[in-house]
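**Student:** So the chains spell out like this:
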Amino acid sequence: MLLEVKDLNTYYGYSHVLQGMSLTVDHGECVALLGRNGMGKSTTLKSIMGLAKPRSGTVLYKGEDVAGYPPYKVVRAGIGYVPEERRIFATLSVLENLAMGMKGGKIDKGNPDAWTVERVFEHFPPLKERQGSKGALLSGGEQQMLAIGRSLMGNPELLLVDEPTEGLAPLLVSEVRDMLEDIKKTGVAILLVEHNLRVAMSLAQRLYIMKKAEVAFAGTVKELDARPDVREKYLEV
Amino acid sequence: MDATTAMYVAQGIHGLAYGMVLFLVASGLTLIFGMMGILNVAHTAFFMLSAYFCYQVVAWTGSFWLALLLAPIATAIVGILVERFLLRRIHAFGLLFELTLTIGVMFVIMEAVKVFWGTENLPLPVPSLLEGLVSIGGMDYPIYRLFIIGLSLVILGFLAFILYKTRMGMVVRAAVSDADMVNALGINVPRLFMFVFGVGTWLAGLAGVAIAPILTVFPGLADQMGMDAFIVVIVGGFGSLGGALMVAIISGLLSSYGVQFVSQLAPVLMFIFMAVVLAIKPTGFFGEREG
Ligand SMILES: Nc1ncnc2c1ncn2[C@@H]1O[C@H](COP(=O)(O)OP(=O)(O)OP(=O)(O)O)[C@@H](O)[C@H]1O
Ligand SMILES: [Mg+2]
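The listed protein sequences correspond, in order, to chains A and B.
Residue numbers for the first sequence follow our numbering, so the first one is 1 and each next one is one higher.
Residue numbers for the second sequence follow our numbering, so the first one is 1 and each next one is one higher.
Excised from the complex, chain A in its bound form (with noise of 0.2 Å):
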């Protein structure tokens, strides 16, 4: 297993917003994450990036416990970060967004499949018209594709992709899902929060869905297919 989450208890002050939360993502794999609103699906995210303290539970990622790290130290580690509201720096060029990304602010050399600038705007084109423009003027849909550049600059083996459809008209919805399909089949894992179920469902192979703090179902695609009432208890409204 590449990513492998035991346990996680995270409080938001005296609310237990993550109660014993456990996933698994492997090398290469789409796992999506899934729940109605405030169910804890971005709090898992963020309890595995560092930027929530679990206050007990795992995150072994390859092996190592990085439960507790500091953001920064988990990215080190490996792992990317696209996070809900994009989080695109406002007042920084298109440019100078995905520089951030990079680790100690170069590309590495002795890694032929290192992300490159070039290669986010190949993933990405509508970024390359705008590579000077700074970060407040993009739309949704090119904030979205600069997030996940953004990420990507740090040749994570593993994504966290917090709704990258949210928000989007429908068509560019099916361009930022082709998108994350082309970064899949470059060999990087995603681990996936998303409310598009249809979405969810084309891009990963396994799925979580979450009740209040918890996993409530766990399976394959074809799993959920076969189980409606699943479905209309804890995802459709």
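The hints are simulated quantities; they were obtained by calculation from the structure and are not laboratory data.
Every residue, glycine too, gets a C-beta built ideally from N, C-alpha and C.
Hints may contain errors.
[Said to hold, decoys possible] Derived DEER-like restraints, expressed as beta-carbon distance ranges:
1. B:Thr166 with A:Ser139: 24 to 32 Å
2. B:Phe107 with A:Asp26: 52 to 60 Å
3. A:Gly105 with B:Leu86: 23 to 31 Å
4. A:Tyr11 with B:Phe107: 51 to 59 Å
5. A:Glu236 with B:Ile272: 57 to 65 Å
6. B:Ile73 with A:Lys73: 47 to 55 Å
7. B:Leu81 with A:Gly104: 48 to 56 Å
[As the list claims (entries may be wrong)] Subject to a maximum C-alpha distance of 30 Å in a straight line, what follows is the list of computed BS3-like cross-link-like pairs (lysine-lysine):
8. A:Lys53 with A:Lys222
9. A:Lys106 with A:Lys128
10. A:Lys106 with A:Lys134
11. A:Lys185 with A:Lys62
12. A:Lys222 with A:Lys185
13. A:Lys103 with A:Lys184
14. A:Lys134 with B:Lys281
15. A:Lys222 with A:Lys106
16. A:Lys109 with B:Lys165
17. A:Lys134 with A:Lys184
18. A:Lys109 with A:Lys128
19. B:Lys165 with A:Lys128
20. A:Lys103 with B:Lys165
21. A:Lys73 with B:Lys165
22. B:Lys165 with A:Lys106
23. A:Lys62 with A:Lys128
24. A:Lys62 with A:Lys6
25. A:Lys134 with B:Lys165
[Stated by the list, open to error] Incomplete in silico selection of chain A near chain B, CB under 7 Å:
26. Asp65
27. Tyr69
28. Pro71
29. Tyr72
30. Thr91
31. Met100
32. Lys103
33. Lys106
34. Gly154
Since the structure of chain A is provided, determine the placement of chain B with the ligands on it from the hints.
**Tutor:** Same frame as chain A, but now just chain B with the ligands:
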């Protein structure tokens, strides 16, 4: 040139010199606030501490120039130690703890200064090279004030270069808008905070040395500068260097011309200015971030 014009120009130079010193103090304050979200109440105490360090170096070596080099560095070292061993430890507990801590640090510095140097005004001579007036185009300018303006411009250029032309500066600008996200891209943000805190206190220290020959060295230096520096940061917009520069200059000119034209109003002119700006734009001139 007639006498009235000459007086206006001289007032302008005084105001500009004060404004530039104010900018040095405020730039450090706004960088620290912008990035770390810490309203460092002890900032002007560092400014005063550096003036004392300057006095001491001059007392030992007789060299103002050596003091200009060493005092801000010594101040920055104190700042870095405060960040590394005090502020960093309580960062996780939030804003109120950080604010309280910096208030504590301010009191410790204020009292320590009195213990070591007493409470009197310690005079510091203007270095002989910068004494007196220089005549340009039939006008006499006080050399030391021109020097302060020049020094601040050099520092401004240096800061702008670092901020806009280097990777380090880019990372700082990014961290001003979203430090957690910078951390989540693999950059050691705690170390960056320590560094920026060091640069911020160094800037305050430089201002402390610059002002010492004009105002003399005394414990009240911090209060004198404190209110103005905070106003500059608030009106300029938290985290904005450009805003700090603009408002610092306006503030310097307001205070020197204010004394001349509306002397009864002079002490409150800056507050009136602040109230007007904030009523129109609550985040300050260039503020993007909510205080
Ligand atoms: N910073 C915070 N402070 C306090 N409570 C929080 C914080 N962030 C999230 N919460 C709460 O924790 C719970 C889980 O939030 P989380 O953001 O993980 O949910 P989510 O599953 O990602 O929801 P959504 O689909 O709306 O993004 C929610 O009840 C939320 O209100
Ligand atoms: Mg969420």
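**Student:** Now tell me if each hint is right for this structure.
**Tutor:** Hint by hint, here is what the structure shows:
1. B:Thr166 with A:Ser139: 24 to 32 Å: Distance hint for Thr166 (chain B), Ser139 (chain A) holds at roughly 30 Å.
2. B:Phe107 with A:Asp26: 52 to 60 Å: Taking Cβ atoms as reference, Phe107 (chain B) and Asp26 (chain A) lie about 57 Å apart, which means the hint holds.
3. A:Gly105 with B:Leu86: 23 to 31 Å: This hint holds: roughly 30 Å between Cβ atoms.
4. A:Tyr11 with B:Phe107: 51 to 59 Å: Violated, since Tyr11 (chain A) and Phe107 (chain B) (Cβ atoms, about 34 Å apart) do not stay within the stated range.
5. A:Glu236 with B:Ile272: 57 to 65 Å: Between Glu236 (chain A) and Ile272 (chain B), where Cβ atoms are some 59 Å apart, the hint holds.
6. B:Ile73 with A:Lys73: 47 to 55 Å: Since Ile73 (chain B) and Lys73 (chain A) have Cβ atoms about 31 Å apart, the given range 47 to 55 Å is violated.
7. B:Leu81 with A:Gly104: 48 to 56 Å: violated, 27 Å
8. A:Lys53 with A:Lys222: violated, 34 Å
9. A:Lys106 with A:Lys128: With Cα atoms ~20 Å apart, Lys106 (chain A) and Lys128 (chain A) stay inside 30 Å; holds.
10. A:Lys106 with A:Lys134: Satisfied, since the Cα-Cα distance of roughly 22 Å is no more than 30 Å.
11. A:Lys185 with A:Lys62: Judged against 30 Å, a Cα distance of about 20 Å means the pair holds.
12. A:Lys222 with A:Lys185: Roughly 21 Å separates the two Cα atoms, so the pair holds.
13. A:Lys103 with A:Lys184: Status holds; Cα separation ~21 Å.
14. A:Lys134 with B:Lys281: holds, 23 Å
15. A:Lys222 with A:Lys106: Violated: Lys222 (chain A) and Lys106 (chain A) sit about 42 Å apart, past 30 Å.
16. A:Lys109 with B:Lys165: holds, 23 Å
17. A:Lys134 with A:Lys184: holds, 28 Å
18. A:Lys109 with A:Lys128: Within the cut-off at roughly 22 Å; holds.
19. B:Lys165 with A:Lys128: This hinted pair holds, its Cα atoms lying about 22 Å apart.
20. A:Lys103 with B:Lys165: With Cα atoms ~18 Å apart, Lys103 (chain A) and Lys165 (chain B) stay inside 30 Å; holds.
21. A:Lys73 with B:Lys165: Satisfied, since the Cα-Cα distance of roughly 27 Å is no more than 30 Å.
22. B:Lys165 with A:Lys106: holds, 16 Å
23. A:Lys62 with A:Lys128: violated, 34 Å
24. A:Lys62 with A:Lys6: holds, 14 Å
25. A:Lys134 with B:Lys165: Given pair Lys134 (chain A), Lys165 (chain B) holds - Cα atoms ~16 Å apart, limit 30 Å.
26. Asp65: Because about 19 Å separates Asp65 (chain A) from the closest Cβ in chain B, which is outside the 7 Å limit, the hint is violated.
27. Tyr69: Hint on Tyr69 (chain A): violated, closest Cβ of chain B at ~11 Å, above 7 Å.
28. Pro71: holds, 4 Å
29. Tyr72: holds, 5 Å
30. Thr91: holds, 6 Å
31. Met100: Where the cut-off is 7 Å and the nearest Cβ of chain B is about 5 Å from Met100 (chain A), the hint holds.
32. Lys103: holds, 5 Å
33. Lys106: The hint is violated - Lys106 (chain A) has no Cβ within 7 Å of chain B, the shortest such distance being about 9 Å.
34. Gly154: At 5 Å from the nearest chain B Cβ, Gly154 (chain A) passes the 7 Å test, so the hint holds.
In summary, the structure is inconsistent with hints 4, 6, 7, 8, 15, 23, 26, 27, 33 from the numbered list given earlier, while agreeing with the others.
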